[in-house]
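Enquirer: Next come the chains, spelled out residue by residue.
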Amino acid sequence: MRRTLLIPFIAVCVASRLPAQLLQLRITGLDGLASKATESADITLDSNLLQMAAGFLAGADKENKDGETLKQLLTGLKAITVRSFKFKESGQYRREDLEPIRAQLRSPGWSKIISSQTKEESSEIYTRIERGKVAGFAIIAAEPKELTIVAIEGSINLNDLSKLKALGVPSIPVPDKKGKQE
Amino acid sequence: MNLEDELRAALRREDPSLGFAKRVVARAKPSPQSNRPIFRMAWAVAIAAMLLIGLTATYEARQMKAERAGRDAVMALRIAADKLNNAREKVVRREN
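Sequences listed follow chains A and B, in order.
Mapped onto my numbering, the consecutive letters of the first sequence carry residue numbers 1 to 182.
Mapped onto my numbering, the consecutive letters of the second sequence carry residue numbers 1001 to 1096.
Looking at chain B on its own, in the form it has when it is part of the complex:
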């Protein structure tokens, strides 16, 4: 048998066995029972992570705002105390 005949024999058309198409379609379909829990878990983890990131960012922003407000309040009261004491001193000196 020469090479040409061998190739022809190897590449000849053959009909698939009975039920081949059904088997292919069945394999191609994702198994719902095996994949669903993983998908659900992945979603839950993703949502939890997003919530955690969001809450942390909100908390951090609030802390920063509070810190800035605290510094501003101290500065404001410091200026007020300084000016109040200066005015009092001036009056006391003038009276003496």
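Isolated chain A (complex conformation):
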């Protein structure tokens, strides 16, 4: 009797988890780029680490609002993955290298909300909406000497995210963009 009840229960649990896992963006095919890059960032944070990070940031920054804002931003997140590479010269990666990631983002559930493409560079922003809320967020920013992929799993307010710089979180040092064609 117990067995007959247990099997459907497990099946329902697995089925309910499966779509989320399938929709979770996996950044693959970029492993060889780190050795070519002059600077690279490889950040992977799961929900446990994000909870720890939120606790640490809230405790470390009690006196100003940044810690609380960051904590709020992190609270709804389940995972963050960032792969960022800066190269000395252009042509260190191919557009095809990004195809496995783009293929995942073409699957149902994901929609492209911002796309800016020129001959040399492209910026794409994708979101995944579940029950009217942003449940996933992805960025592909490909420039001649810089490549950044960001995958965020969980609910996030993009306006709050874009305000981070205004709140005093220092900006990352990016190469001089003067003279670059948009």
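Read the hints as simulated data drawn from the structure, not as lab findings.
Predicted model, so just to flag it, every value in this text is computed and none were measured.
Even for Gly, the Cβ is constructed at its ideal location relative to N, Cα and C.
Only true hints are included.
Simulated crosslink set (DSS-like; lysine-lysine; CA at most 27 Å straight-line): (1) A:K78 <-> A:K112; (2) A:K112 <-> B:K1090; (3) A:K145 <-> B:K1090; (4) A:K71 <-> A:K133; (5) A:K145 <-> A:K119; (6) B:K1090 <-> A:K163.
Derived contacts from chain B toward chain A, CB cut-off under 7 Å, selection only: (7) A1066; (8) E1067; (9) A1069; (10) G1070; (11) D1072; (12) A1076; (13) L1077; (14) I1079; (15) L1084; (16) K1090; (17) V1091.
Assemble chain B onto chain A, guided by the hints.
Expert: Relative to the frame of chain A, chain B by itself:
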């Protein structure tokens, strides 16, 4: 009396008094009542010290992990915010 006789007298074999062996054995045995509390206290202090060291090390390791996670999270969100704003700016410029 010459020296030889004196030595012989001094080193002559003598039987111990009655009950000597029992007294020696009794002295050699540790007194259980006097030593036990010290041993127990020493063990308790050692265990407490080990627990304290273990807990402190665990706490420190967790703090370091949280600190690193916090830095990584800020860095990740910073990169995401930067790229999001760049993409938005590009679209706004293109539309203007």
